[in-house]
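Visitor: Now for the letters of each chain:
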Amino acid sequence: LISTELLIIGGGATGLGVAWDAALRGYKTLLVEKGDLTHGTSGRYHGLLHSGARYVVRDARSAADCARENLILKRLLPSAIEDTGGFFAALDEDPPDYAEPFLLGCGAAGIPAEEISPAQARRSEPLLTPRLARVFRVPDAACDSFDAAHAVAGAVRAAGGEVWLRRRVVGLRVERGRVGGAELEDVRTGERLTVGADLVLNCAGAWAGQIAELAGCPVRVTPGKGTMVAMNYRLVNTVLNRLKPPGDGDILVPIGTVAVIGTTEVVVESADQYAIEPWEIELLMAEGEKLIPRFREMRALRAWAGVRPLFEERPPEGAGDADSRLMTRAHAVLDHAARDGVEGLVSVVGGKFTTFRLMAEEAVDLAGAKLGSRRPCRTADTPIDPPGTRFHVLRQRLEASEASPRPEMACECELVTRAEVEAALEQSGSTVLNDLRRDLRLGMGPCQAGFCAFRAAGLMHRQRPAADEAEGVEEVNSALLEFLQERWKGLRPVMWGANLRQLELDLSLYRGLLGAEALPTARPPEVYPTEKTA
Amino acid sequence: VSARVQAAYDVIVIGAGLAGLFAGALAARAGARTLVAARGQGGLPLGPGCVDIWGYSRDAQGARHIVQDPGAGLSARLAPEHPLRLAGGEAVTAGLAAFQALCAEAGYPLAGSLDRNHLLPTALGTARPTCLAPESFLAGDLRDPSPIILADLRGFRDFHAPHAAANLRRAGHAARAVALDLPRWPARRAAFATDLARRLDVPAYRAEAADLWRPHLAGAARLGLPAILGLSADQWAWRDLSERLGLALFEIPTVPPSVPGLRLFNVLQDTLEAAGGRLILGPEVSGWVEAGAVRGVILHSAGGPRRYAAPRLILATGGFRHGGLDAPAPGVARETVLDLPVLTEPDWYAPLYWDPHPYARFGVRVNTAMQPVDAEGRVLHANVHAIGGLLAGADRHDEGCREGVDLATAWAAVQAAFGQPAPDPQATTP
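These protein sequences, in sequence, are chains A and B.
Our numbering applies: residue 3 is where the first sequence begins, and numbers increase by one.
Our numbering applies: residue 48 is where the second sequence begins, and numbers increase by one.
Which bits of chain A does chain B cover? Going by a derived footprint, with three or more residues having C-beta under 8 Å, they are:
| hint | region |
| --- | --- |
| 1 | 493 to 507 |
| 2 | 520 to 529 |
Just the calculated beta-carbon pair ranges, DEER-fashion:
| hint | chain 1 | residue 1 | chain 2 | residue 2 | range |
| --- | --- | --- | --- | --- | --- |
| 3 | A | Arg125 | B | Ala55 | 47 to 57 Å |
| 4 | B | Ser333 | A | Pro128 | 24 to 34 Å |
| 5 | A | Leu400 | B | Ala144 | 47 to 57 Å |
| 6 | A | Glu299 | B | Ala321 | 37 to 47 Å |
| 7 | A | Asn239 | B | Ala237 | 28 to 38 Å |
| 8 | B | Ser348 | A | Ser430 | 43 to 53 Å |
| 9 | A | Glu528 | B | Ala237 | 29 to 39 Å |
| 10 | B | Asp258 | A | Glu528 | 44 to 54 Å |
| 11 | B | Asn430 | A | Pro295 | 39 to 49 Å |
| 12 | A | Pro467 | B | Asp386 | 54 to 64 Å |
| 13 | B | Gly323 | A | Leu400 | 41 to 51 Å |
| 14 | A | Ala500 | B | Ala107 | 32 to 42 Å |
| 15 | A | Arg301 | B | Asp386 | 17 to 27 Å |
| 16 | A | Pro98 | B | Gly87 | 46 to 56 Å |
Partner residues aside, some chain B positions facing chain A, computed with beta carbon under 8 Å:
| hint | residue |
| --- | --- |
| 17 | Ala170 |
| 18 | Pro209 |
| 19 | His210 |
| 20 | Asn214 |
| 21 | Val302 |
| 22 | Gly366 |
| 23 | Pro377 |
| 24 | Tyr396 |
| 25 | Leu399 |
| 26 | His444 |
Source of the hints: derived by calculation from the structure; they are not laboratory data.
For each residue, glycine too, the CB sits at the ideal point set by N, CA and C.
Go ahead and model the full structure; you've got the sequences and the hints to work with.
Guide: Structure representation (structure tokens):
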């Protein structure tokens, strides 16, 4: 029997933050995740590191939390955060009376908000619409959640904690009203394993209700779907927010080579089965057009949706499922001993990427109290990145490949070299090309894996041990087809113009030239839920 | 647009893919003053350099099967609106024969017939049916039980022999992989297919390669290399290397740039120009329409727009892959040169990437003379013929009929444009 002090369920921002905090405090820590790091909501968000200004009018606590955490994370995680700054811009159509409570709220939350003239805003962001009424500058930033998660996972391991991927929790060990560990299933082999733990921390985000249910604790997490579209261009260098009450399509975030417009907000039945609907894309493109003229004519590269894990113990008056925007973005740490009479289980629910460190601090404070060994939190002052780390930009990859003795490119769009693919495969042992995407940005550029998927599959096959080759090739073939199907999921909602042209090329390569659909595979590919077009 | 009228032609073809170049070559050979004008090089450099006529059929359950005999009962397999059906059996047979003759004359014969598809290995190690293939592909045929060696060329990223060999073994073929070095290839230099092909066009480089590779190939009966064996179409590097290595050497097409596709492009350009035709590559091409009548084309280049007049226009601008069709917004399709009506349906895409997508059959509807027609079947422009990937009714990915549609519709269009009666599609089958 493997045992640990703290067992953390969920490899998103929350779980990684908790594991990092706990390991730094010296607790024996194990994190388990059913998929890859950021497999859930953390890998499907727009990439905004909030200044807090978005929340100042309606949700003061979230605003203040974000304002503090924004400063801390910029210091701790420079590799994943680009300090772009943000604008809150009121267009001539936006309600003029929002600026006053906005400024008051920023003042109360300690968020510096400086008014600049529309002309000044357009000088720094020339694509911005001329229909500007007022613009405020705030300390928003852009965060690459894949890079951030990898860095935090590295910090967990460096502090002595363990991170296990592709282990699904299939049961909690509950004896005499106390959770004492969990039963895990290796997702790839089906092998079962029991882990004993002094305390289980449920950080499963939108799936936290399902985990708590395993111990008979009712936790109602509302899955609030949000859809985003990545444009094929970095249209702005500053985060753009609309200066109006939060609504659909009110934010544009520059991330690397793209700009992401988000988001919609729709409560869905399940955190696993939801589709991107045509109206959402139409709405995002229309809102983008308001911020950036001719936005609709530009290439939309990809769409995706994540589910916010919204939680309120008592939903606010009048906020039914119909209007989840009224639900708080704040987090809650639930001690199921006090709440449900079940010892040994704590759930961390709600919250947002920007506040993951704070959530972790509160959760591990409670854990320490329950374990009877209070130790001070150290995360706020412990840099995750080594000193001198710069924000990763594509140019650095080009510089590195220019300097490399083996500059052979596997992915031209994102400048991923063959050596990098081989190293990532070696390190992760993964048979999922989508993991390489999260590690390296492989397949995230304009060709959406058209060229690199074939190469990456060939490289993956080369690293298989010869002994299990009979099965190996089917695994590799599945990895290839699943990756293409996964890319298709995000392409289909934005499939017009240049994307359709690219699809025609990619299909003529994979279906025509390479005959890929005839490959023997290990399992049938997953079909994602889709909506019919009207 | 005010622009000077340039020389007049008997026919102007828009598009320099297989359909456009073949139509241009046929017209020029028939004595017509012929201009082929295109924005870019078309689809040949993207494809395998083979001719697919009919590769796959689906059974009642929707399962996809490889077709052994592409010609047999072709019209029975085809929906009435399929462009191969509209072009007719005569166009399929005669178009294919004319194309084979043209390639053979250029010293680049394509082997095969409508009676039987080749079954050639892909770069992933699956079997791909195709009707005509260059001689340099033939030794790879998977009906041949003799063992296969596939070779990586170190530094060339677009071929992964171990993966392909493992898939061939999984399908019951005797196959293994070796890795070969490129002679004197600088370690930091990316090896591109066209780059390698140009090197291998040099006899001394081939001799070096053969000396370097021979020790690794002891006992090999047949050797598969990525399709990089020379750009020049005189059979070239492949023939010479086969002799030097003393084995059956074959090429496997891989992702673009396609060396065998470029060979076909060169063959067609040479044929067109030798017959007095002209090829203009680069400018945007739009239709020259006056009072509803198509009078020629306008080429938009750096020097400004120029008009070219012709009594006949052949549209070979391709489908969505090449810009003959465009979808400017979700659910909207348009034809980009003459704004011809495009046949569409409400649903465009299938949930699974591999499934037949409805949009693949969208395109311009034509009659048996390849004249564009409206929804009621009325001819829109009597002097315009539309061919190739632009046409509605074929799913080139799913059926494996891309080049067949190009050749048959090009042949039918040239027949119709120069006065021969269009054959009745019901009357003959190949």
